[in-house]
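Chains A and B, in that order, are what the protein sequence lines are.
With our numbering as the guide, the letters of the first sequence map in order to residues 213 to 660.
With our numbering as the guide, the letters of the second sequence map in order to residues 213 to 660.
In case anyone wonders, no lab produced these hints; they're calculated from the structure.
You may find that some hints are simply not true.
Unchecked claim - Here are the simulated lysine to aspartate or glutamate pairs, EDC-like style, with alpha carbons at most 20 angstroms apart: (1) 658(B) with 238(A); (2) 658(B) with 531(A); (3) 658(A) with 630(A); (4) 658(A) with 594(A); (5) 658(A) with 531(B).
Number of protein chains: 2
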Amino acid sequence: MARRRLAIVGGDAAGMSAASSARRRDPELEVVAFERGPYTSYSACGIPYLIGGSVGDAGRLISRSPDGHRANGIDVRTGCEVVAIDLAARTLTARTAAGAESTEPFDELVVATGAEAVTPPIEGAAAIEPARTVDAAERLRAALERGGRAAVVIGGGYIGLEMAEGLTDRGLDVTMIEQADQVMSTLDADMAARVQDAAEAHGIRVLVGARVEEIVRDDAGAPVAVRTARGTFPADHVVVGTGARPAVGVARAAGLEVGDSGALRVDDHQRCPGHDGVFAAGDCAESHHRLLDRPVNIQLGTHANKQGRIAGVNATGGDARFPGVIGTAVSKICRYEVGRTGLSETEAGAAGIAVVSASIEDRTRARYYPGAGPIWVKLVAEPGSGRLLGGQIVGVEGAAKRIDVLATAVWAGLAVDELALLDLSYAPPFSGVYDPLLIAARATAKLT
Amino acid sequence: MARRRLAIVGGDAAGMSAASSARRRDPELEVVAFERGPYTSYSACGIPYLIGGSVGDAGRLISRSPDGHRANGIDVRTGCEVVAIDLAARTLTARTAAGAESTEPFDELVVATGAEAVTPPIEGAAAIEPARTVDAAERLRAALERGGRAAVVIGGGYIGLEMAEGLTDRGLDVTMIEQADQVMSTLDADMAARVQDAAEAHGIRVLVGARVEEIVRDDAGAPVAVRTARGTFPADHVVVGTGARPAVGVARAAGLEVGDSGALRVDDHQRCPGHDGVFAAGDCAESHHRLLDRPVNIQLGTHANKQGRIAGVNATGGDARFPGVIGTAVSKICRYEVGRTGLSETEAGAAGIAVVSASIEDRTRARYYPGAGPIWVKLVAEPGSGRLLGGQIVGVEGAAKRIDVLATAVWAGLAVDELALLDLSYAPPFSGVYDPLLIAARATAKLT
Numbered sequence: 213m214a215r216r217r218l219a220i221v222g223g224d225a226a227g228m229s230a231a232s233s234a235r236r237r238d239p240e241l242e243v244v245a246f247e248r249g250p251y252t253s254y255s256a257c258g259i260p261y262l263i264g265g266s267v268g269d270a271g272r273l274i275s276r277s278p279d280g281h282r283a284n285g286i287d288v289r290t291g292c293e294v295v296a297i298d299l300a301a302r303t304l305t306a307r308t309a310a311g312a313e314s315t316e317p318f319d320e321l322v323v324a325t326g327a328e329a330v331t332p333p334i335e336g337a338a339a340i341e342p343a344r345t346v347d348a349a350e351r352l353r354a355a356l357e358r359g360g361r362a363a364v365v366i367g368g369g370y371i372g373l374e375m376a377e378g379l380t381d382r383g384l385d386v387t388m389i390e391q392a393d394q395v396m397s398t399l400d401a402d403m404a405a406r407v408q409d410a411a412e413a414h415g416i417r418v419l420v421g422a423r424v425e426e427i428v429r430d431d432a433g434a435p436v437a438v439r440t441a442r443g444t445f446p447a448d449h450v451v452v453g454t455g456a457r458p459a460v461g462v463a464r465a466a467g468l469e470v471g472d473s474g475a476l477r478v479d480d481h482q483r484c485p486g487h488d489g490v491f492a493a494g495d496c497a498e499s500h501h502r503l504l505d506r507p508v509n510i511q512l513g514t515h516a517n518k519q520g521r522i523a524g525v526n527a528t529g530g531d532a533r534f535p536g537v538i539g540t541a542v543s544k545i546c547r548y549e550v551g552r553t554g555l556s557e558t559e560a561g562a563a564g565i566a567v568v569s570a571s572i573e574d575r576t577r578a579r580y581y582p583g584a585g586p587i588w589v590k591l592v593a594e595p596g597s598g599r600l601l602g603g604q605i606v607g608v609e610g611a612a613k614r615i616d617v618l619a620t621a622v623w624a625g626l627a628v629d630e631l632a633l634l635d636l637s638y639a640p641p642f643s644g645v646y647d648p649l650l651i652a653a654r655a656t657a658k659l660t
Numbered sequence: 213m214a215r216r217r218l219a220i221v222g223g224d225a226a227g228m229s230a231a232s233s234a235r236r237r238d239p240e241l242e243v244v245a246f247e248r249g250p251y252t253s254y255s256a257c258g259i260p261y262l263i264g265g266s267v268g269d270a271g272r273l274i275s276r277s278p279d280g281h282r283a284n285g286i287d288v289r290t291g292c293e294v295v296a297i298d299l300a301a302r303t304l305t306a307r308t309a310a311g312a313e314s315t316e317p318f319d320e321l322v323v324a325t326g327a328e329a330v331t332p333p334i335e336g337a338a339a340i341e342p343a344r345t346v347d348a349a350e351r352l353r354a355a356l357e358r359g360g361r362a363a364v365v366i367g368g369g370y371i372g373l374e375m376a377e378g379l380t381d382r383g384l385d386v387t388m389i390e391q392a393d394q395v396m397s398t399l400d401a402d403m404a405a406r407v408q409d410a411a412e413a414h415g416i417r418v419l420v421g422a423r424v425e426e427i428v429r430d431d432a433g434a435p436v437a438v439r440t441a442r443g444t445f446p447a448d449h450v451v452v453g454t455g456a457r458p459a460v461g462v463a464r465a466a467g468l469e470v471g472d473s474g475a476l477r478v479d480d481h482q483r484c485p486g487h488d489g490v491f492a493a494g495d496c497a498e499s500h501h502r503l504l505d506r507p508v509n510i511q512l513g514t515h516a517n518k519q520g521r522i523a524g525v526n527a528t529g530g531d532a533r534f535p536g537v538i539g540t541a542v543s544k545i546c547r548y549e550v551g552r553t554g555l556s557e558t559e560a561g562a563a564g565i566a567v568v569s570a571s572i573e574d575r576t577r578a579r580y581y582p583g584a585g586p587i588w589v590k591l592v593a594e595p596g597s598g599r600l601l602g603g604q605i606v607g608v609e610g611a612a613k614r615i616d617v618l619a620t621a622v623w624a625g626l627a628v629d630e631l632a633l634l635d636l637s638y639a640p641p642f643s644g645v646y647d648p649l650l651i652a653a654r655a656t657a658k659l660t
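Only chain A is shown next, with the shape it has when bound in the complex (with noise of 0.2 angstroms):
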């Protein structure tokens, strides 16, 4: 009998979980990884960092090398893009960058396609290449050692705020521009203004509610200046991260089901409906929010390694369920830490939910303690209730891994008034006597 073959669509997080799963579970089993890059199993998380020369080889960022996954028996083709995929015949076809096509069957398929940049509708945009992988990070790298002062980062989301704190620890005079009237949409206004003060303090020049209107480039074609309504600014480079979509066209064009996100529909399993023994799973798929009840796309490592695991499992027989996500995000920026989960005031009411919510400041630490420097943490709660749907916290070092803290107590169904005396640690080095958090819950359990 021929061994049966699972066939994976992509070599990073997700897809490569998937493809160690099943290796794992079954070693019988043919497993064949197709990358269209050089490199599996990276940490685009990390990109900023290796901009910003606190990561200083890229090679850090791999967590296995496709030779890494070789040598556990998984067939990795790197340098190959599927280009199409037949879900009748079981087959795929695999393109390499000289050209070559070639017809590869198999029994099971994960697709885990990721997500493309989207480039924005401003002239010149086109030809910046996003620094979404480590081979494009490193060709960032090569450009700006060959010299340039001044950048531009379009889009102040995090990766915008990260990379611009990457390219000013450069030395680089930067110029971050985003549309929107606030850094961080995942993160309510008010918590939003205290991100970009510390973007300011770092030196970035952050304009929000600017629309930028043309890449102005010299006659070679480099970039040197970008122009908004509100001025324009040197740029001797140009980063561009106005947010990816869901890669999803070769799956679509199969007939694979895409959801209002604009990823592809997947059951609890990491299932493709209709389509028995095919998977989907990381950036390309939608997850369950937990709190909203519907399918969203939330881009990022965690849920790609767990739901690429997941679909692993499930191709080789197994019965593993991803639980879905609640929304639950951690960045540094500059100065301070970063963490949201749940529903944000202004998710809430875009969903029609009804929310109370409280913010407080507080200390990171006991106020004698060397070291101690602010906290703001903002919870949101159902009314009546007092059930906890979301929070928000902004600080310094020690801040926002308590983040975590708040996303098992918006897991779990906790309300404020019961948080709010939750057996919670405490010394002098990590917290005042009443965790900040505790104070927040106590706040928000008034109004509830």
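For this one, chain A is given, so just place chain B on it according to the hints.
Chain B alone, transformed into the frame defined by chain A:
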């Protein structure tokens, strides 16, 4: 009609929290607080940092002075010890340092007498003043400033360790002697060994399983050495940190019930059973342990503040409930942070509770991110259900406050397989793509 009068016995965390919450709730109430020492509302937890020098001024440990409380309308009597309580007559006897006694009436009473150091049965130990209060800490610091090159700390709990670290930071040659076979008895031995490593790497000579036989003094009565069966160690200063027992002498003599833990029995409203209008809170009182389902005495500022506030609410006609404790605690010991919550394997064993447990080692940040260091996580769960019963964490900066995530999960009754897929935050400055807690939960789930 005469004003009602609330008397508070003890002017630190629990007592002054009770006084303050009663004051806020009932502006008509007369609130009088009796405190033996000169200070109110101080952070005993900060004393090791005062000794070590990272906190320069004892005044910084005072969160509110007697005059501060008086300005809020609380009649604070410092230097005034309550030596007897007559519950039938609703009076107490207060004695000043000069020996003057007065009889004070009350309608409601909050007993917040804290805890008192246990003097170990060692020759010469009775002469050592425990540095449990700010004024005692000031005397110790003054003695350290007068000279001496070597110190011995008797007791290897978290306070002993913090004091040993502080003394080392002052340049003293420090030996810490612990009778048990491990430091920090609140941890399992495997985790405690890592804490001992950190103490030793900091330059502290750590002896475990060692019994102090004598504190050797010179002719003038000053300590010169500490003798054990395993050697005699120089000691210009001796610090005793061998634990404290609830200070319940006066309350017990008055007829209040003392539980098996040695602390005052209270119900979930901090009421002393059988005595209307009489409350106890803080280190002198029991707390309900939610996992052991029995009363315990855990002396921590976080409980004292919450219980005091609840006593103050209920003493003024309110209805507040203390939900109990799960044994959460955190400390910074030299280069490591240490957290624990719920049941350790040792505690579960002592309570006859069958558990499974798993330990993992990981890094506090993404491996490529600067400043990443080790973190160890140990989880304890119920076999079968997989319900998380406890956790212990040791690691470098950023490690220990994660204990609050485990505390929340224990509190909410989450199972380890659910925890393993929980939507916790990820970014390279804060963890690998799987937070160490998720990795530990997964390892534990495999055993349940």
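Here's how the hints hold up against the structure:
1. Restraint check: the Cα-Cα separation between residue 658(B) and residue 238(A) comes to about 18 angstroms, which is no more than 20 angstroms; the hinted pair holds.
2. At roughly 15 angstroms between alpha-carbon atoms, residue 658(B) and residue 531(A) fall within 20 angstroms of each other, so this suggested pair holds.
3. For the suggested pair residue 658(A) and residue 630(A), the alpha carbons sit about 12 angstroms apart, so the restraint of at most 20 angstroms is met.
4. Taken as a hint, the residue 658(A) and residue 594(A) pair is honoured in the structure, with Cα atoms around 12 angstroms apart against an allowance of 20 angstroms.
5. Simply put, residue 658(A) and residue 531(B) have alpha-carbon atoms about 15 angstroms apart, close enough for the 20 angstroms limit, and the pair holds.
Checked against the numbered hints listed earlier, the structure breaks none of them; every hint is satisfied.
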